[in-house]
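Please build the complete structure, drawing on both the sequences and the hints.
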Amino acid sequence: MTVLDLLSDANINALFAILALPAAAAALLAALPGYRLASRVNVAASGLTFLAALSLFVRRPQMGLYLQVDDLSIVFIVLNTFVGFTTSLFSASYIAHEIEIGRLTRRRLRFYHAMYQVLMFGMNLALVSNNIGVMWVAIELATLTTVMMVGIYRTHQALEAAWKYFILGSVGIALALFGTILVYVAARPVVGEGLSGMVWTVLIGQAHRFDPALLNVAFVFLLLGYGTKVGLAPLHAWLPDAHAEGPTPISAVLSGLLLNVALYAVLRFKLLLAANPGAIAPGPMMVTMGLASVLFAAFMLYRRKDIKRLFAYSSIEHMGIIAFAFGMGGPLANFAGLLHMTMHSLTKSAIFYTVGHIAQVKGTQRIADIRGLTASHPALGWTLVAGVIAIAGLPPFGIFVSEFLVVSSTFARQPLLAMLLVFGLLVAFGALLMQVQAMAFGDPGKGPAAPVRASYLPIFGHLLLVLGAGIALPPALAAWFEHVARLLG
Amino acid sequence: MTGLGIDFDVAHMLAGLLVLVSFMLLYQDRLTALINVFALHAATLSLSVAWQAYVQDAPHLYLTAVIALGLKAIVIPLALHRMVRRLGIHREIESVVGIGPTMLAGMGLVALSMVVMLKVTPGADQLAREDLAFALSVLLLGLLMMVTRRNAVGLVLGFMSLENGLVLAATGAKGMPLVVEISVAFSVLIAFIVIGVFLFRIRERFETVDVGAIDRFREGRR
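As you go down the protein sequences, you meet chains R and W in turn.
If you read the first sequence in my numbering, its first letter stands for residue 1317, the second for the next number, and so on.
If you read the second sequence in my numbering, its first letter stands for residue 855, the second for the next number, and so on.
If you are wondering where the hints come from, they were derived from the structure by calculation, not from laboratory data.
Please note that a few of the clues may not be correct.
As the list claims (entries may be wrong) - To be clear about the criterion: a stretch of chain R counts as covered by chain W if any three or more of its residues have a C-beta under 8 Å from a C-beta of chain W, and this derived list gives those stretches:
| hint | stretch |
| --- | --- |
| 1 | 1493-1506 |
| 2 | 1509-1521 |
| 3 | 1526-1535 |
Every residue gets a Cβ at the ideal spot worked out from N, C-alpha and C, and that includes glycine.
As structure tokens, this is what we get:
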């Protein structure tokens, strides 16, 4: 066997590795008793998955009937596995504390770790699947695992949140399946019966010959269905509860990753419609839902009393911005959407890591009870301030760049929409600064001031990446995003 | 395809029957009766799927029919009956809206799905068209049922009737790959396990399966 053969072999296996590693780790973690060892295995498996995902850049495996990687999905896969890896680092220190205070039992923790890897498997499968049916199954799997993790504390609130998430998520998933069936019905007269009618690479090649009316109806169902999972208004009702009541690592993964995976599904079908000249333009629908999410979430931010709920609404706002950008379309807006998605994933998960530690040292998630963080816990307090500055869209962080690009590219084409968007951004900006000001500064009072054993590595890592992207976006990354933005049309 | 022969008539009749049973689900005001009607719903679905298997000469669809019959028409209703007995909730279901407006809304939804689906599928064959229109009706009626029920068991049954509509659509689409049918059946199974877990947890913690009670609890927290 020559070296080249070995290399190509290793790269074909890379695609299987990002599926097989989480699956094997899930089976192992379900049987592993000690939580210290389990969290290390969790970190190791997530790290290896990330490395396998990185190797996809070097050499791309061949397309299969079930699995494929293209330039669009690779962005999502690498982001997904990276944040999955850093979250597993944060999770290790987070659960050590939860075990200490007795909020989680060891048996439940075994379940937690296994589910974490099943979730990673589901999301990776959704991203690499070349079959719209398999993609649907994978997203359903990811949804069900997160439902179970949201309810893991077994408190009233956690069960209620999980129940709500489960019902709304299932309805969304059901609508998406109906849309998927309609796409198959549209494809059948052209590509023939059987498996090929669901294979993405076949569909996109033949999409111009599909019946446009049927595709339109299918897209409405798909947008409503997967849009529920993205958390777009008015289908967002599950999102704040699920974020607030579950373990914080899950809040980070939900916001940073699962919303993106659902958005990826929407983008795939948007491409399908764009390839058909007779179909309606999917953009305006996404723009409307995105703008509604931004405006709605911006006003909701003011009255939040729970710190995790606050940042959950902020996620709705940012998914709105991303949907808005992709809905506007065109190379510049798509570029901004991709950049914003990446920056939001990194920043929001860093914020949730910080918030997780804050809630642990303060023993509460109530904003009113969290005061004077910069005085009592300087490192955590200032990290929270930095994270909020980043997420609110202030320079020099990367979100400023992407929001600026979204707004400026919209101003050139639809000034009125751009003004509405800017209004929403400013309202949200004010709300976030107001809330963080109260939490970070002022008199810490008599609240618990115990020292914290936080894992700063993932937090600082994420924030530095966002800062770096804000100051100077690496040319290679910019070129890659530009290329993908052109593909998205 | 034999055009509009007996094949079409029977398929048409069975799919229409499913829509009718969906309407029956809407106005049941007792949980035990509701579960029985759901079993009928699932049995009708399995007949319809079996007929599609025969018409399309697609033997794998018989498997879907058997799964629908065994799981959704027998196992799940039996389990739900047991659960309802154990929880001691044979009382009336409180509906948010009255039966009259609910039925009217249901008719509106069926009309809507006919208009939408028949209009956009002139290219597809007659059987698939009608099937899709009926499937969308069942789906929307399931949604309506979920909206009008406050009781958690009613919600679950509404969701499963919605999934029945999806199975009808999937089998009506000729030659749809097996992966989807299996996944639908599989997802119903998973969904049921999850719901079962949740129902029992909810009972453990709340002493009720009324979703409204959870809402009340939550307001108290604020």
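To see whether the hints hold, each was checked on the structure:
| no. | hint | in the structure |
| --- | --- | --- |
| 1 | 1493-1506 | holds (count 9) |
| 2 | 1509-1521 | holds (count 5) |
| 3 | 1526-1535 | holds (count 5) |
This entry satisfies every hint, going by the numbered hints stated previously.
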